[in-house]
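Visitor: So the sequences go chain by chain: V and H. If you want this note's numbering, it's the position in the first sequence, counting the first as 1, plus 1. If you want this note's numbering, it's the position in the second sequence, counting the first as 1, plus 1.
It is worth saying that the hints were derived from the structure and are not from the lab. A few of these clues could be false.
It does not matter which identical chain is used: a pair holds within one copy or between any two.
[Stated by the list, open to error] Subject to a maximum C-alpha distance of 30 Å in a straight line, what follows is the list of computed BS3-like cross-link-like pairs (lysine-lysine): (1) 255 x 265; (2) 431 x 366; (3) 140 x 159; (4) 406 x 18; (5) 265 x 349; (6) 431 x 530; (7) 338 x 265; (8) 18 x 349; (9) 22 x 349; (10) 159 x 18; (11) 18 x 435; (12) 18 x 366; (13) 39 x 366; (14) 338 x 39; (15) 366 x 501; (16) 480 x 314; (17) 366 x 338; (18) 406 x 435.
Spelled out, the chains give:
Protein chains: 2
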Amino acid sequence: MMNVPLTVGAMLERAEKYFPKKEVISRTSSRISRFTYKEIGQRTRRLASALETLGIAQGDRVGTLAWNHHRHLEVYFAAPGMGAVLHTINIRLSPEHITYIINHAEDKVLLIDEDLMPLIERIKDQLTTVKAFIIMTDKDELPNTNLTPVYSYEDLLKKADPGYEFASDIDENSAAGMCYTSATTGSPKGVVYSHRGIVLHSYAMALADTAALSETDRCMPVVPMFHANAWGLPFAATWLGTTQILPGPQFTPKLLAQLIETEKVTITAGVPTIWLGLLNELESGNYDTSSVRAVLCGGSAAPLGMIRAYETKYNMPFLHAYGMTETSPLVTLSRLKSYQTDLPEEEKLHVRAKQGLLVPGLEMKVVGANGEVAWDGEEMGELLIRGPWIADSYYNDDRSEEAFKDGWLHTGDVVNVDEEGVIKIVDRTKDLIKSGGEWISSVDLENALMAHEAVFEASVVAIPHQEWQERPIACVVLKEGYQNTTKEDLLEFLKPQFAKWWLPDDIVFLEEIPKTSVGKFLKRALRDKVKNHLVK
Amino acid sequence: MMNVPLTVGAMLERAEKYFPKKEVISRTSSRISRFTYKEIGQRTRRLASALETLGIAQGDRVGTLAWNHHRHLEVYFAAPGMGAVLHTINIRLSPEHITYIINHAEDKVLLIDEDLMPLIERIKDQLTTVKAFIIMTDKDELPNTNLTPVYSYEDLLKKADPGYEFASDIDENSAAGMCYTSATTGSPKGVVYSHRGIVLHSYAMALADTAALSETDRCMPVVPMFHANAWGLPFAATWLGTTQILPGPQFTPKLLAQLIETEKVTITAGVPTIWLGLLNELESGNYDTSSVRAVLCGGSAAPLGMIRAYETKYNMPFLHAYGMTETSPLVTLSRLKSYQTDLPEEEKLHVRAKQGLLVPGLEMKVVGANGEVAWDGEEMGELLIRGPWIADSYYNDDRSEEAFKDGWLHTGDVVNVDEEGVIKIVDRTKDLIKSGGEWISSVDLENALMAHEAVFEASVVAIPHQEWQERPIACVVLKEGYQNTTKEDLLEFLKPQFAKWWLPDDIVFLEEIPKTSVGKFLKRALRDKVKNHLVK
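One chain only, chain V, in its complex shape (with noise of 0.2 Å):
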């Protein structure tokens, strides 16, 4: 066979010869653009003539602070295009770990979106490889700043070559993208993601039994294009032809939900939390959403609660799915499978709002504390992955010899695999408990416990024991109006759920519990508050 590498620049010149009518829909700060896909190709290889006119050569490193929107796609394409490599920052991240990123990757040029502009005013005069700033804004002045040098994005394009051809001589192993991944200590860890990565990961995007992503559809990612990138939907969505909508720096729920009724959306994806916000928003207005055939969530577990409002009220159909930063992301995928299809509905929706089946292309291995565990839906052990579009070791970092040994990624998440081989997250293994050879998940305890009328949050953390190894023991925040609730009050709602051996062996109540700047629980600080409370 041909000696033909895989490579994203051959992805959209796809959608310039075949698609040059469809478009891309951009909501930026000031209004909503449509470009068709002739006039993306022809902006993306202004954009990558200019970065080669400012010096930017194979291998370089391309930093984008940005958006969902037009020109961050542009910028997804011609920094892979020409050989030099697309690095997604995470604007979310403190201005520590910004300026770390930034220099750890040795970015030699930055483009900004002009409300993003702060951020990198605070540190430029930490940043020791950028040569270039260039600004990302609808207006035709360079906004105020004290970046330099800098330039407009808009500007750059007018006066560079709308005909630049592509590089030719990609290996298909070189690096086209990058994105840092926060760490549980330390400064973020650096991914790196290949032309055959990216290409292989679009496959796995756009098979009928995966999220079917299809020139047919009106895809609006609603994730981040800084993270992961935005789960690599610009780049399966460009190679097909895909309508893109791209929703920009506003993406309240209202906003969104206004998109997905004048846009047509037929399909949208983005975290839990996002569809939360959507779907208070839909029980307070009123959107037409019947085009919608698919809401692709992950990043975390959708509640089945959520799952069901969003299929029985407003008929748009959820595709629960899973993967990390390190995965590209995609790895499983919920779908039942066609013999499941005669299941009453609640049992359907019970598989289906687990994390899924493993896409075509990627290999898995579940391991808990005897070796790969059973197929019972039951017993529990880390996920490890293996795969083409799976991260071999983390840039440039001494700690990759944990996460990667012997040709797998160790996730760090725990699951269970029900005897169809489908996957449910049940924990972090830095959060299980492991109480005499045998694993606790502490998130099925917290769900438990918050299903309590009395609850308003629970966070189960593991303590030291002598005999036992660790032992569980609950951290609970109670509701306004239930101060009266006792630890046998909540251990009896417990005990019918569980096995005796999985019971806190205490419960402490507490006034709140310490989260991290994104809302999770700060599960080591809570240890380290009732570490003394109980060793026996």
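Since chain V is already given, all that's left is putting chain H on it; use the hints.
Guide: Chain H alone, transformed into the frame defined by chain V:
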């Protein structure tokens, strides 16, 4: 990203792990059997283990002479799984060509259907590399044969290891399969399929925008497994856990119609001849074909009337595709773009009757007399293809240079391209008439002539011409009772349909048109017959 190779063995492993209960329904000479993928997996591993015992090593060619059934499917995965090469032999070739192919590929072992044994018994003394013959039969006893050493497939499996592990050190660019294609002159030419090519081709078959092959399908390939891997369907279907219906040695229209009804086939694939036969059967019988969602049709152009009949009378959607042995084979597939769905029905049918749009992952170029053609649906040029599942040469064959030039496969097919990028085959390059620097399609003239009530058959060939280089001449066989039709009658009939310079310089009436063994016009013989007819 991890350096994980794309391999054929991993495709079967996916079916074994995630779809062990799904079935392969196999029609052999004596019965219909049902095997789960779990069973197919174990039988395949037994086969690989048995082949190893017989001395087959990595890189060795494993020849098959077999119809579409479960045992052939097992060889499809056993040979590549162990690092050997599946060589499917076209049983319809002459004994001389079959001998050439087996010796040229250096097959070490042949797996032969019982009813095809005579093909090999006749030539066994000319085979220079074959060390063993394995007979695939439903019977308990090995049939009488003079082949030696000879083994029974089922006997070998009984004694072999169902836990055989597939090779883990396979280079994805190494050979997984081989197939020879007939040449216009001389011996057949060998095409080698790599593991990488087969996996990527399987993705291409399973996209929502192509054949959308899915786990939910019940797939019946009628195209033989000895012909371009049955268009790659057995590989893709196994990977996805699709139910397969393999129709075996007797695929009469009646048996196919019965299988469609009883096995609720959703997708089937074959050449137009098969579908013409099935159409007759459907019109005379009374079959329930409501399960069918796609009739995949390729190999040669399907007549518009047939497509219309299938869709309007039987509600069986046609899916027209183009490819060749050298291209794995999927190259284009005819689906409407999203904005074409509002076209009038007849116009849509005309679009869908073309060969369609290039599938994601390939590149094409159409080169005419004056370079790349305009996309106007008229200008003709030769179709050139490039991509990771396109052959880069013929196996050990100095005729490679004719077809593979500058990194492109020169298909020898002449096409036009409409403004949507959809191709339509209009001729073979060798049959095209090059007149005064312009091209004339022999096929278009033939089709126009055959639409005349008096014409039974028509074939148009080029004859040399001093001034115009070549000019068309039509050879016509009249229907009985129309012997009074004149050359002038036919030219008058053609005039309003073509530019003046397209009209044949002469029309020659013949008793019959010489044909190849498969019923195609033998234009070479025809050219010889008329070459001195008209040289100006």
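Visitor: Does each hint hold? Answer for all of them.
Guide: Here is what the structure says about each hint:
For a Cα distance limit of 30 Å, the shortest separation of residue 255 from residue 265 inside one copy, 15 Å, qualifies, whereas the shortest one across copies, 46 Å, does not. Taking the shortest Cα distances, residue 431 and residue 366 sit within 30 Å of each other inside one copy (18 Å), while across copies they are farther apart (55 Å). Taking identical chains as interchangeable, the C-alpha atoms of residue 140 and residue 159 lie at most 30 Å apart only when both belong to the same chain, with a minimum of 14 Å there against 76 Å between chains. With identical chains, the CA atoms of residue 406 and residue 18 are at most 30 Å apart between copies only, with a shortest distance of 23 Å across copies and 43 Å within one.
Both within a single protomer and between protomers do residue 265 and residue 349 lie at most 30 Å apart by alpha-carbon distance, with minima of 27 Å and 24 Å respectively. With identical chains, the CA atoms of residue 431 and residue 530 are at most 30 Å apart within one copy only, with a shortest distance of 17 Å there and 83 Å across copies. For the homomeric pair residue 338 and residue 265, the shortest alpha-carbon distances inside one copy (28 Å) and between copies (17 Å) are both at most 30 Å. Taking the shortest Cα distances, residue 18 and residue 349 sit within 30 Å of each other only across copies (21 Å), while inside one copy they are farther apart (42 Å).
With identical chains, the CA atoms of residue 22 and residue 349 are at most 30 Å apart between copies only, with a shortest distance of 19 Å across copies and 40 Å within one. In this homomeric assembly, residue 159 and residue 18 come within 30 Å of each other (Cα to Cα) only inside a single copy, at 23 Å, whereas the closest approach across copies is 55 Å. Proximity of residue 18 and residue 435 under a CA criterion of 30 Å is satisfied inter-copy only: 29 Å between copies versus 57 Å inside one chain copy. In this assembly of identical chains, the alpha carbons of residue 18 and residue 366 lie at most 30 Å apart only when taken from different copies (11 Å versus 41 Å within one copy).
Taking the shortest alpha-carbon separations for residue 39 and residue 366, only the inter-copy value of 19 Å comes in at or below 30 Å, while the best intra-copy value is 44 Å. Taking the closest pair of Cα atoms, residue 338 and residue 39 come within 30 Å of each other only across two copies (16 Å); inside a single copy the shortest separation is 39 Å, beyond that limit. In the homo-oligomer, the alpha carbons of residue 366 and residue 501 lie at most 30 Å apart inside one protomer (29 Å), although the nearest pairing across protomers, at 70 Å, exceeds that limit. When the C-alpha separation of residue 480 and residue 314 is checked against a cutoff of 30 Å, the pair qualifies only within one copy, where the shortest distance is 29 Å, while the shortest distance between copies is 66 Å.
In this assembly of identical chains, the alpha carbons of residue 366 and residue 338 lie at most 30 Å apart only when taken from the same copy (21 Å versus 40 Å across copies). In the homo-oligomer, the alpha carbons of residue 406 and residue 435 lie at most 30 Å apart inside one protomer (22 Å), although the nearest pairing across protomers, at 63 Å, exceeds that limit.
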